[in-house]
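Top to bottom, those sequences are chains Y and L.
1 is the number of the first residue of the first sequence in the working numbering; add one for each residue after it.
1 is the number of the first residue of the second sequence in the working numbering; add one for each residue after it.
Think of the hints as simulated: they come from the structure by calculation, not from any bench.
It is possible that some hints are incorrect.
Selected chain L positions facing chain Y (Cβ under 7 Å, derived; list incomplete) [said to hold, decoys possible]:
# : residue
1 : Gly-6
2 : Val-17
3 : Arg-110
4 : Leu-111
5 : Asp-115
6 : Thr-119
7 : Arg-121
8 : Ile-123
Below are the DSSO-like pairs computed for lysine-lysine, each with C-alpha atoms no more than 30 Å apart in a straight line [claimed, not checked]:
#  : chain 1 : residue 1 : chain 2 : residue 2
9  : Y       : Lys-76    : L       : Lys-55
10 : Y       : Lys-121   : Y       : Lys-138
11 : L       : Lys-21    : Y       : Lys-212
12 : L       : Lys-18    : Y       : Lys-212
13 : Y       : Lys-212   : Y       : Lys-76
Note that the structure is a prediction, hence the values are computed from the model and not measured.
The beta carbon of each residue, even a glycine, is placed where N, CA and C say it ideally should be.
Spelled out from the first residue to the last, the chains are:
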Amino acid sequence: MTAETPSTAGPVPVLELVGIRAGYGSIDVLHGVELTLMPGEVVALLGPNGAGKTTTLGVCSGQIVPSAGSVMVMGKEVNRVRPDALARAGMCLVPEGRGIFPNLTVAENLRMCTFTGTSFKDVQERAFAQFPRLGERKSQLAGTLSGGEQQMLAMSRALATNPALLMLDELSMGLAPIIVEELYERVAELAASGLSILIVEQFAQSVLGVAKTAAIMLHGRVTRTGPPEEIAEELTAAYLGAAAH
Amino acid sequence: MSTDNGQQRLDEFAEEVKNLKMSGGLANPERTGSTLGVLLMVIGGVIVVILSFIKRGETSFDDSAAGLAEIIQATNNVWTALFGIALILIGLAVWIRNSLTRYFRYWLTRLIYEDRANTDRLIEAIERARAER
Numbered sequence: 001m002t003a004e005t006p007s008t009a010g011p012v013p014v015l016e017l018v019g020i021r022a023g024y025g026s027i028d029v030l031h032g033v034e035l036t037l038m039p040g041e042v043v044a045l046l047g048p049n050g051a052g053k054t055t056t057l058g059v060c061s062g063q064i065v066p067s068a069g070s071v072m073v074m075g076k077e078v079n080r081v082r083p084d085a086l087a088r089a090g091m092c093l094v095p096e097g098r099g100i101f102p103n104l105t106v107a108e109n110l111r112m113c114t115f116t117g118t119s120f121k122d123v124q125e126r127a128f129a130q131f132p133r134l135g136e137r138k139s140q141l142a143g144t145l146s147g148g149e150q151q152m153l154a155m156s157r158a159l160a161t162n163p164a165l166l167m168l169d170e171l172s173m174g175l176a177p178i179i180v181e182e183l184y185e186r187v188a189e190l191a192a193s194g195l196s197i198l199i200v201e202q203f204a205q206s207v208l209g210v211a212k213t214a215a216i217m218l219h220g221r222v223t224r225t226g227p228p229e230e231i232a233e234e235l236t237a238a239y240l241g242a243a244a245h
Numbered sequence: 001m002s003t004d005n006g007q008q009r010l011d012e013f014a015e016e017v018k019n020l021k022m023s024g025g026l027a028n029p030e031r032t033g034s035t036l037g038v039l040l041m042v043i044g045g046v047i048v049v050i051l052s053f054i055k056r057g058e059t060s061f062d063d064s065a066a067g068l069a070e071i072i073q074a075t076n077n078v079w080t081a082l083f084g085i086a087l088i089l090i091g092l093a094v095w096i097r098n099s100l101t102r103y104f105r106y107w108l109t110r111l112i113y114e115d116r117a118n119t120d121r122l123i124e125a126i127e128r129a130r131a132e133r
């Protein structure tokens, strides 16, 4: 992953953000974000609350239109492509807070992702093969599942659409470490199968062993990239307010 | 998904992205639509008001050429006024459509949030009852 310039040769990046500025209304949250995700790569975007990580995912998934810069997907600028079109093409976001329908059953939640044209039977088969625990609870209200199971449901719903690019927003939020470990084991398996994954997390420890590269995001900018092990310390310093920039 | 399948999916993805249309891009399309509706109504209203101030003809109909010109002018004014009224109606329709969309979007979001809050309360109550047992 490079954080400075767009690639000009070699394999085309699955996702590339070039000088992205974006925000809400007239307030910019991102001030020139540069990020590249190569095919089959797992990149972790780390940073404290308010750094702009979720906004970056909003831009990547087409939900937030950038005021400047380019969102490149497979070498094509997609700044003005509708989010549903991007999702149908294969860009899948698992939002922070899971984004499931708590008052629908597990099976009904899975039915919601048949929008891509995948049959309900296939969706269920894939979901239950990946997370057998969901199969045991398919008639249960999603809101009554444990936090980890809810996250599994959100992930299985995303994976059932056969994405080419998976974006995970704070997968570990509010979950016990053992559950987080289990979920990231699943993510590692997906990464090994060649899926390109962009992970947003607050702590580097969560993504150790999954992401090869991590980027620190502070005040709407990517300030440093490198292996998660190397930048964990810098990230801690950032949380304590020591990292200027 | 094996790595080969991964590459195949990536190729499909590249093809699908290539065919994507740049149809989005407005951060708040309903607000733009509402503004357009209001603008159309204002333009239509201004046309009608201006035409309503045009003096009625006072040409003697003994002068048939002048009378004919005046009739043509009056007819044109009527058509222009009708155009203004049409703009008002179209603007009103555009404004209503976009305002309703905004309202229903807000209503749907609120409904989802309330539903979630209710489910959370229900789950809490079930867990409390289970703990008390």
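Evaluation of the provided hints:
{"no.": "1", "hint": "Gly-6", "result": "holds, 2 Å"}
{"no.": "2", "hint": "Val-17", "result": "holds, 5 Å"}
{"no.": "3", "hint": "Arg-110", "result": "violated, 15 Å"}
{"no.": "4", "hint": "Leu-111", "result": "violated, 11 Å"}
{"no.": "5", "hint": "Asp-115", "result": "holds, 5 Å"}
{"no.": "6", "hint": "Thr-119", "result": "holds, 4 Å"}
{"no.": "7", "hint": "Arg-121", "result": "violated, 10 Å"}
{"no.": "8", "hint": "Ile-123", "result": "holds, 6 Å"}
{"no.": "9", "hint": "Y:Lys-76 x L:Lys-55", "result": "violated, 60 Å"}
{"no.": "10", "hint": "Y:Lys-121 x Y:Lys-138", "result": "holds, 13 Å"}
{"no.": "11", "hint": "L:Lys-21 x Y:Lys-212", "result": "violated, 33 Å"}
{"no.": "12", "hint": "L:Lys-18 x Y:Lys-212", "result": "holds, 28 Å"}
{"no.": "13", "hint": "Y:Lys-212 x Y:Lys-76", "result": "holds, 25 Å"}
In summary, the numbered hints that this structure violates are 3, 4, 7, 9, 11.
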